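Participant: Chains A, B and C, in that order, are what the protein sequence lines are. Residue 1 is where the first sequence starts when you use this note's numbering, and the numbers rise one by one after that. Residue 162 is where the second sequence starts when you use this note's numbering, and the numbers rise one by one after that. Residue 498 is where the third sequence starts when you use this note's numbering, and the numbers rise one by one after that.
No lab work stands behind these hints, which were simulated from the structure alone. All clues given are correct.
Which bits of chain B does chain A cover? Going by a derived footprint, with three or more residues having C-beta under 8 Å, they are:
(1) 208 to 216
(2) 377 to 387
(3) 391 to 401
(4) 416 to 430
Only pairs whose alpha carbons sit at most 16 Å apart, straight line, appear in this in silico EDC-like list of lysine to aspartate or glutamate:
(5) A:9 / A:55
(6) B:301 / B:286
(7) C:504 / B:288
(8) B:385 / A:95
(9) C:925 / B:435
In silico negatives: residues of chain A with every beta carbon more than 10 Å from chain C:
(10) 3
(11) 63
(12) 115
(13) 118
Quick caveat, the model's predicted, so the values are computed rather than measured. Note that CB positions come from ideal geometry on N, CA and C, so glycine has one too.
Now for the letters of each chain:
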Amino acid sequence: MASRIVSLKVNGQNEEFIVGALTSLQDILRDTLNYTSVKEGCRQGGCGSCSVIIDGELRLSCLTPVQEVDGSEVTTLEGLNQSNSIAALQQQFIDKYAAQCGFCTPGMMVAIQALLDRNPNPSRDEITEGLAGNICRCTGYLPIIKAVEGVVAEMSGASGD
Amino acid sequence: MSKLRGTGFAAVNYPTGMHLGGDPTQSLVHATTSGNFVVTMSSVDLGQGLKTILAQIAAETLGVPLDTVIVDTGDTDTGPHCTGTFASRTTHRAGNAVIMAAAEARQAMLEVAAEKLEVSVEDLETDGQGNIHVKGVEEKAISVAETAGAAHFELGKTISGRGIFLKTPSPMDPETGESDPDSTQAHACTVAEVEVDTETGNVEVLGFKSAYEVGQQVNPALVKGQIVGGAWMGMGHALQETTAPYYPAIDHAPGDFQSYVMPGAADMPSVECEVLEIASRNGPFGAKGVGEMVTNSPIPAIVNAINNALGVRITRIPVTPEVVLRALDEKAANAT
Amino acid sequence: MAIKDLKIVGQPVKLRDLDTHVTGETVYYEDIRVPRMLHLKMHRSIYPHAKILNIDTSEAKSSAGVVCVLTHEDLPGKKKYNGLAGVGVGPEDESVLAFEKVRWKGESVVAVIAETPKQAEAAAAKVKVDYEELPAVFDIMEALKDGAPVVTDHWPNNHYIFPDNHRAAQVRYGDVEKAFAEADHIVEDVYQTQPIEQAPLETNGCIAVPEGGDGRITVYSNTQGLQFSLDVTADILGVPTSKLRFIGGTVGGGFGGKVDLQPEPITTLAAMRTGRPVKFKYTREEEMRVSSSRSAWRVEIKDGVMNDGRIIARKITTYQDSGAYLRFSSYGGMKHCGHMPGPYTIPNVWIDSIVVFTNRTPSNAMRGFGVMAGSFALEVQMDKVAETIGMDPWELRLINAYREGDMKSHQKEVEDAGMVETILAAAKLAGKQLPEEFQKMSSLDRKAG
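Based on the sequences and whatever the hints tell you, model everything.
Facilitator: What follows is the structure, encoded as structure tokens:
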């Protein structure tokens, strides 16, 4: 399994790397590109703290070999910040005290944004299902669920409901 | 086979501060030239909100706006000693240290203001909006910013303060256990309702109703955060979590989150709570420690609820489905 | 119910770090960027109890990217430590890097420092340790029996020895045996908890950075106590405290899981030896299997109870599974004594809190250290007492709950009492109907109601 050149568009920037066969996307994002919002909670696909969006799909960057996503478009929380597309969610997190230590929060933001992108009006069950891959050890999840419900309420309010 | 419901509750107390004392925390407070206040510590914020509540305590004591208080913590070169964040101690210890430091800085600030306004310190009060004025004469005033500027550039005075809190060590008598182990006690009582599937042994927690007595809350939203997070952790401890699933054997120790099972977002029931405030004699503004106690009351409440639902007596945690089914088997065996 | 007239204290103001938590800009220890950083990985014992016959690091040293390999022979200061030695707790029983014996599966043996984490991991796997496996003991009650394998020579009977040569931290208050003889009912049971992982989302770790000519090392750490970790690291390595600086304070969860100095001393030594920044971060697997767990507790309770519900005697024997080394278990055992017999006033109390050593991952603090297992046991016991004497469990607790000024079994008067009010508030919230005399009860007056 050889190293090869891989091209990615990360948060709108074209990037090129020479990577080994099993180099994870997480390592490239965190250590090569310094997108430190991509947290490393387990490197086992078990905590969701490294969640990113690859070509519109929610993925765990720790379990994603870079070579497998050659040519893809990758968005981290830094990318979502740039577009300001998650400002409402961020404000809801602040208002609902939906983070304590904050280590799971970037992965949560990305996972929730992915949920809202595919389902702008999720039920409570759909919200908890959307959070199923992300572990939070501090909050007991209820404030996070309330924050998502808050965004949903705001969005449906804005649409005239 | 059926689903059976049960209710249980538990009442607990929890000590504030390291056992037997001897755990100091210090704080330094100083004004910048423009009238902000920097609170310098080496305490650790684990996410519980220490930086936030220390800023609140400093602003309250100084009589200045919250957003003019900067908490600078986490560097042993600059921050004075803190024993650490554990034992439900930091709000109490660090909070008291900040009060002491901020009170000294406030006095220094008022002395400068008194000199500028040509009145005595005793006649001055702060409005909490960034101004110092003569009591009853609001127009005779000077801003905190102007006071700090004058202290630096006209009078050559510091506006600063030093604070420490120590509960002196109280060794335990080796024979009787006589000791003064804690600073104060907080209290909790949790009612849990569960539904147990007698076929699978699975336990679902349907809801928590709890009362907590925590002294003065420094920040009720953060107290609530501890309560909800603690209830969730207690649920995990009661039903699922262990690093030794076949204790005392060491086999099958989990090494990842797929095998170390904790409740998920979907498992979390509603948490209704009432918070009581009975002041602690020695806590900052009467506060008590809350961060650990919140995990403790849900655990026995859940186990009592399971026992209530099934008419069994389980006395171990975690109450995994296997433990439930074995308890039901034992009950059936005893009935025959 | 406001206690004082306060403006800012008591307000639900915004959590200060939330603004950066939601954008991913909060800086945790491993988000700092330092050039030329090395990575440390640990070779760990594969047996829970074994004699070390030989440690061969030659292949590891010649492995790709390896810069430095550290065994116990490279330790410049202490070979054994206890984190609380500075406050008089001892003896120092735990190997910094194992020598002579390993006493639990996962114990640190050889540290390997390399250019990349993968290289360090590969080289750590090439360390060869010859062992002679020894019998191990995992069950606390087995460990206390004559002839059980001895975990460390410090404690020939596998239990900690408290001051004045006591086998337990103890409380002796009143006369429990006399009271048992007078009691209408005796209610006994045994309660058991298992080891639990703190599981902060951010695992234990640090980055030690040499600061140049004067030999200072800055350690970016996620410890729960910065000066504490600095002092113990300096003590273990035998360097002046002035040579160390610890930076942290913004931590990705702790819950007691970041108090026992696992990564800092060896990483600091690695930075001193290589002159380069070194990072040592626990993998999730290490966090779960190697870092201290919450200890398992066995709590035996015997209560003497009167028909009217008064608990007149409580005898408690508790066994805390410390694992292979002491760490803070004696502290936890004493804290357990201070907590028991719970929020109740009982005139005769006898407590033995015993710390037992087994060939298990050493245990340590977690949220409610020494208290959680006690509260669990007591409150499940209280339901058994209520059932035994045929009394409502709410009424049983309210009758026995401590009041202001009552004497606790460790001979301190109750202050700031609030158990009665808290129970009553929870009862109301849950719709529990209590007789009027119970509803009128107060922490300030035992006779009320």
